[in-house]
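S.K.: The lines below spell out each chain.
Number of protein chains: 6
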Amino acid sequence: MRPSGRAPDQMRAITIEPRYTRHAEGSCLIGFGDTKVLVTASVEERVPPWLRGKGQGWVTAEYGMLPRATHTRGNREAAKGKQSGRTQEIQRLIGRSLRAVTDLKLLGERQITLDCDVIQADGGTRTAAISGAWVALRMAIDGLALEADPIVQQVAAVSCGIHQGTPVLDLDYEEDSAAETDANFVILGDNRMAEVQATAEGACFEEEELLRLLRLARIGCNAIFAEQLKAVGR
Amino acid sequence: MRPSGRAPDQMRAITIEPRYTRHAEGSCLIGFGDTKVLVTASVEERVPPWLRGKGQGWVTAEYGMLPRATHTRGNREAAKGKQSGRTQEIQRLIGRSLRAVTDLKLLGERQITLDCDVIQADGGTRTAAISGAWVALRMAIDGLALEADPIVQQVAAVSCGIHQGTPVLDLDYEEDSAAETDANFVILGDNRMAEVQATAEGACFEEEELLRLLRLARIGCNAIFAEQLKAVGR
Amino acid sequence: MRPSGRAPDQMRAITIEPRYTRHAEGSCLIGFGDTKVLVTASVEERVPPWLRGKGQGWVTAEYGMLPRATHTRGNREAAKGKQSGRTQEIQRLIGRSLRAVTDLKLLGERQITLDCDVIQADGGTRTAAISGAWVALRMAIDGLALEADPIVQQVAAVSCGIHQGTPVLDLDYEEDSAAETDANFVILGDNRMAEVQATAEGACFEEEELLRLLRLARIGCNAIFAEQLKAVGR
Amino acid sequence: MRPSGRAPDQMRAITIEPRYTRHAEGSCLIGFGDTKVLVTASVEERVPPWLRGKGQGWVTAEYGMLPRATHTRGNREAAKGKQSGRTQEIQRLIGRSLRAVTDLKLLGERQITLDCDVIQADGGTRTAAISGAWVALRMAIDGLALEADPIVQQVAAVSCGIHQGTPVLDLDYEEDSAAETDANFVILGDNRMAEVQATAEGACFEEEELLRLLRLARIGCNAIFAEQLKAVGR
Amino acid sequence: MRPSGRAPDQMRAITIEPRYTRHAEGSCLIGFGDTKVLVTASVEERVPPWLRGKGQGWVTAEYGMLPRATHTRGNREAAKGKQSGRTQEIQRLIGRSLRAVTDLKLLGERQITLDCDVIQADGGTRTAAISGAWVALRMAIDGLALEADPIVQQVAAVSCGIHQGTPVLDLDYEEDSAAETDANFVILGDNRMAEVQATAEGACFEEEELLRLLRLARIGCNAIFAEQLKAVGR
Amino acid sequence: MRPSGRAPDQMRAITIEPRYTRHAEGSCLIGFGDTKVLVTASVEERVPPWLRGKGQGWVTAEYGMLPRATHTRGNREAAKGKQSGRTQEIQRLIGRSLRAVTDLKLLGERQITLDCDVIQADGGTRTAAISGAWVALRMAIDGLALEADPIVQQVAAVSCGIHQGTPVLDLDYEEDSAAETDANFVILGDNRMAEVQATAEGACFEEEELLRLLRLARIGCNAIFAEQLKAVGR
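Chains A, B, C, D, E and F are the protein sequences, given in the same order.
Going left to right, the first sequence walks through residues 13 to 246 as the working numbering numbers them.
Going left to right, the second sequence walks through residues 13 to 246 as the working numbering numbers them.
Going left to right, the third sequence walks through residues 13 to 246 as the working numbering numbers them.
Going left to right, the fourth sequence walks through residues 13 to 246 as the working numbering numbers them.
Going left to right, the fifth sequence walks through residues 13 to 246 as the working numbering numbers them.
Going left to right, the sixth sequence walks through residues 13 to 246 as the working numbering numbers them.
Among these hints, one or two may not hold up.
Said to hold, decoys possible - Derived DSSO-like pairs: lysine-lysine, alpha-carbon spacing no greater than 30 Å straight-line:
id, chain 1, residue 1, chain 2, residue 2
1, E, K94, A, K92
2, A, K92, D, K94
3, C, K92, B, K66
4, C, K242, C, K94
5, B, K92, D, K94
6, B, K242, B, K117
7, B, K94, F, K117
8, F, K66, F, K117
9, E, K66, E, K117
10, A, K66, A, K117
11, E, K94, C, K94
12, B, K117, B, K66
13, D, K242, D, K94
14, B, K94, A, K92
15, B, K94, D, K94
16, E, K92, B, K92
17, B, K94, C, K94
To be verified - From chain B, some residues computed to sit far from chain A (all C-beta separations above 10 Å):
id, residue
18, S16
19, D46
20, E74
21, H83
22, G93
23, R98
24, R111
25, G155
26, Q165
27, G201
28, R204
29, E239
Hint data in this document are derived by calculation from the structure and do not stem from the laboratory.
Computed from a predicted structure; not experimentally measured.
From the three backbone atoms N, C-alpha and C, an ideal C-beta is built for every residue, glycine too.
Next comes chain A alone, as it looks inside the complex:
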């Protein structure tokens, strides 16, 4: 029995509120249950120095957590003067995941920055961020009215884990803290994967377990894909 009473293959409620802020070219507030992440996509008509003149664009991400998004208040990274290793690891993952579905040549010489700020955390913030980032990116690129669409696929992400010996989908904070193994899957609309990160927390895992987690992740991502399309009106 999961602490939340969910079935092992049951996602939390997925909510996507598009156009959550006014200024960004694309934005949404995405929720996986009590986890809430605000994602904005900002388009700039310039690329990083190392890409200038190469005839292609760039998609990148930044991630942050409001100090009291969590059960107990954490230090503000701006006040500490540096981003933690965890923050950097997550924003690199988000950036790679969105670039995996973007044709940077078709995007042209512009940069889209996906800012993912966790308003409230209850496990799975990085996977919610990736899933919401696709929505914000889709909206921002729609606004550019390009001739050829640089987005080649949908992308979504979900965490799975082995909790008290049972593989379960979409870990909440309580499960995440106690899981023996924790895995994040970034999956494309055509079933291929952009990223798999499986980590033993309390006990190492067998190949078969990894595959069962992947099966669950596919179930979760399919549900997210449907909500993404609704949010962008497709």
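Got chain A sorted already, so can you dock chains B, C, D, E and F onto it with the hints?
M.R.: Below, chains B, C, D, E and F alone, put in the same frame as chain A:
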């Protein structure tokens, strides 16, 4: 005529959504028109080192702006590795304003941190933050169920300015960018002031003008006081 | 009775020693009693990147305090690796105050930096810095021999406060530490104001009190104006 | 055909030179072909603050790359004043991998730090670091002569990838730069996994491809296990 | 002929103004010609953590240069967020030089910090700082009224160099910029040396040249010793 | 009697392993007994901004110590976020020493960076670094096949000190920790000196003692010169 069509003494719509997040002891999303600030109050049963054993508590504030809260994306302070002078100045102001209405001895040896994060900016973010911080602080202190109430007054803040020669209440971004003089008033429920900060931006100001701005600020703060009470259910 | 025996509307001795250092285009050592601030004005024939090609100049300020300017030694900001919020707030105030009396178009595409370093502190360092900065700026601009004078007014600043219930002019450290309300006024030669910053330290203040502090500040600034003119030989 | 002429399931030469430095409690220079990593294990009889009094120890890792370990010189992280996101991600991975095979209770209240410094880089530095860290840790713990052995398994790591459509084992720099998919596997002596990180670089991957990479990784890790045992004389 | 017209073995005017600031336990403004350094000695009744309980004190130094002490304005180190290598090298030298004449056991468990801030620079700032630091230290220790005097000797420093082939004493900025060899000597009242730092700038130097520079340094330090004694009234 | 049993004028074994790494244009692992420093020379076809267009090149150095090069583990400077004063002082010394023997005009508009990383420390790391840096620089410049050789001399360095009253050559860690005076000499192939740094650690020194240390340093450097030539095959 103001760009927004408002009368000179007309506030923007004041909206306060209490209990906006789950984990914080107090929280609200406060809006002055399109300016939206999320304020959380976090209670910790310890005080800063320099207050230990002095038999009193502390109230402090931190302020941040999401990178795309503004019309064009700003750099993330956590990524730059330091908070700007503006950020530090604002969070010091918020902290002083709330301490001005708190009896720190009655609070006891605990610290309350008010995190004010701007979700969307359209002028007046620091005054919205102060006004919302009172709500979050009120809720957090209510939750402590102390014998004697450490909050001795309401406090609210509003910006006023001289725009095209006319003193106006509650500047939005468009007015703020063009105002000749810009002033922030932090006012208590008993009409006294905790802070006045008036700054010439394009033209210096006369004593009489300062007083007219103060008259407008009183109108604005009275409206905010009413919304604060509704939000905390008093 | 004030700790120093001064009358409520009595400034400390104002001393301005012009040309205190050799290399700067303008400089002075300004004293308000035991508060001593060395101000230098440095002219550079370039403007910050965001002003290039706009046909105007810039005036900016930096502020520092020698570690043992104070009663007990403070940490050196260069060694700590960052400027405090207080330092940044003060140097922003100094810069705004001097820009309020400078026609940046007439200055032309050059930058003048006002370095204000506190040699000895006894209250009122920021107001002494502003008052001395006008002298250094005046000397530096005189040296440029421009066709039209970019300095449109004198500017001076002084702190006032309510100490043991009495409004008093030009707080020294002992008064400043105990004042109920502390206010800094930046006033122009034509009586208008560039900046008012009034802060409740121990007790909030009434409108009438603010006005009485302003009256005192006008007395103090008039005395400073006279010393400034003597220092620059006008 | 691989650039190096190796067969798809062929590791580069694995070399482990134990006791490479005098002062560390355990150390080795590990080579995967031209990739050379110096690993030292330092034992300290204290634990991080958050573990004090919990009756357990800690194993952690730090990673660095000499500026000219690579084809072109990189900036020295100490001179830049911060560790890159990549560095932090790698040292977190190394630490987790070694903790996965250590019983921290049996280790007792002491900390072992594994410093992994890349002397020469040719792809696979993080997997060589993990594999060498086990040797250094083994030697350091042997030196402690504890009653019960806290090391519960061997651990090794290797990178695999899909290069020009072919799954290959142990990518060198030339392959790594061009691989469509890049995966790092951290595998235990009993065949279970501590970590899987698979990333699409140029093309996303199928489940079947992930499994083929895992098969290759098992081949590589078995070869590393044998060399580790030789190095520690078991 | 030296640019200043001085004879090769001629010091610039040495001026020492003791008790230049009010708050410090010892202080002076020392001048070597146009080089002016303010030195304060601050006594604190505690020692650094690594000396606690060892029954001895500590003498340390910090060095800074006001941004416009020099011909053209330099960046403020506090604003840059770090002290340069040059600054750190100089403050380490000053600290060592003063510790060389202090019996730290007799000082007792207290720390004296010598802050050396360059008000105006014209070559030789570090040697003026060392020479002035002895005066400030002497005054601070006199104020402690200890039973046994921890200061065991006088110490002074001066720079010498080879300028256009001629060994000269006490380089000013113009000579320093052009010198082939530049050397700093820290000499004690009993003729022994605490530190010699000789550096080839444009041409390497012979043993005989080093000795001739040392002869000049002795002349300079003897003159400084006399002024030090006058300043402290001995 | 020295702790190591060496005669007062006896160097430790000097070992130089050229071409220790593959990627650098020049490299060696130099050993003075148990002190081991890896030096690489990296050639870049650009100069620092302040040298652009001046028709000359630049030689610079960086220095680092692996955290466990020493008896007890030190903190990693990259993790602390800054280089210590000691590190900066050493790398400035190495850079100056190598520039003293390089004709920067003949080098042309390119920069050579000498990275000196201490693998194992037992006293004398900076002098080993300088001595090894000449070898790496020589190899890198040979590889450039310039028409005129920019290296005008050999350069080597060694530390000497007064240990238990006896002047000794090439201090190891045990002697270095206890020496009364410690001196580093940077000497050229033609007997001239590029740098002398003599520091009293426990007792100040006489002129005669300085000269005796210099005599020892000449003996040591002559031995190093011979090994350098062997290493570069001349």
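S.K.: With reference to the structure, classify each hint as holding or not holding.
M.R.: How the hints compare with the structure:
Of the pairs offered as hints, the one joining K94/E and K92/A holds, with about 16 Å between alpha carbons and a cut-off of 30 Å not exceeded. Proximity of K92/A to K94/D is assessed by CA-CA distance (about 13 Å); at most 30 Å being required, the pair is judged to hold. At most 30 Å may separate the alpha-carbon atoms for a hinted pair to count; K92/C and K66/B meet this at roughly 27 Å. For the given pair, K242/C sits about 37 Å from K94/C by alpha-carbon distance, which is inconsistent with the 30 Å threshold.
As the CA atoms of K92/B and K94/D are separated by approximately 12 Å, the hinted pair is consistent with the 30 Å bound. Taking the CA atoms of K242/B and K117/B, the gap is near 27 Å; set against the 30 Å cutoff, the hint holds. Note on K94/B and K117/F: the hinted pairing is violated, with a Cα-Cα distance of about 41 Å set against a maximum of 30 Å. Note on K66/F and K117/F: the hinted pairing holds, with a Cα-Cα distance of about 9 Å set against a maximum of 30 Å.
With a CA separation close to 9 Å, the supplied pair K66/E and K117/E stays within the 30 Å bound. Distance hint between K66/A and K117/A is fulfilled; the C-alpha atoms sit about 9 Å from each other, no more than 30 Å. Restraint check: the Cα-Cα separation between K94/E and K94/C comes to about 8 Å, which is no more than 30 Å; the hinted pair holds. Distance check on the hinted pair: K117/B and K66/B sit about 9 Å apart at the alpha-carbon level, within 30 Å; holds.
For the hint linking K242/D to K94/D, the alpha-carbon distance of about 37 Å lies beyond 30 Å, and the restraint is violated. Proposed proximity of K94/B and K92/A is supported: the alpha carbons are some 8 Å apart, at most 30 Å. Between K94/B and K94/D, the direct Cα distance comes to roughly 13 Å. Compliance with the 30 Å bound is thereby established for this hinted pair. For the given pair, K92/E sits about 13 Å from K92/B by alpha-carbon distance, which is consistent with the 30 Å threshold.
Restraint check: the Cα-Cα separation between K94/B and K94/C comes to about 9 Å, which is no more than 30 Å; the hinted pair holds. Here S16/B stays apart from chain A, with its beta-carbon at least about 14 Å from theirs, past the 10 Å limit. Its closest Cβ contact with chain A, about 6 Å, brings D46/B to no more than 10 Å, contrary to its assignment away from the interface. Annotated as non-interface, E74/B brings its C-beta within 10 Å of a C-beta of chain A; the closest such distance is 5 Å.
Its closest Cβ contact with chain A, about 5 Å, brings H83/B to no more than 10 Å, contrary to its assignment away from the interface. With a least CB separation of 5 Å from chain A, G93/B falls inside the 10 Å interface cut-off, contrary to its annotation. Non-interface status of R98/B relative to chain A is upheld: no Cβ of that chain comes within 10 Å, the nearest being about 12 Å off. Separation of R111/B from chain A is adequate, the least Cβ-Cβ distance of about 18 Å exceeding the 10 Å criterion.
Its beta-carbon lying about 14 Å from the closest one in chain A, G155/B satisfies the requirement of being farther than 10 Å from that chain. No beta-carbon of chain A comes within 10 Å of the beta-carbon of Q165/B; the shortest separation is about 25 Å. A cut-off of 10 Å between C-beta atoms confirms that G201/B is not in contact with chain A; the least separation is 26 Å. With 10 Å as the threshold on Cβ separation, the claim that R204/B sits away from chain A holds: the shortest Cβ distance comes to roughly 31 Å.
Every CB of chain A is more than 10 Å from the CB of E239/B (nearest about 22 Å), matching its label as outside the interface.
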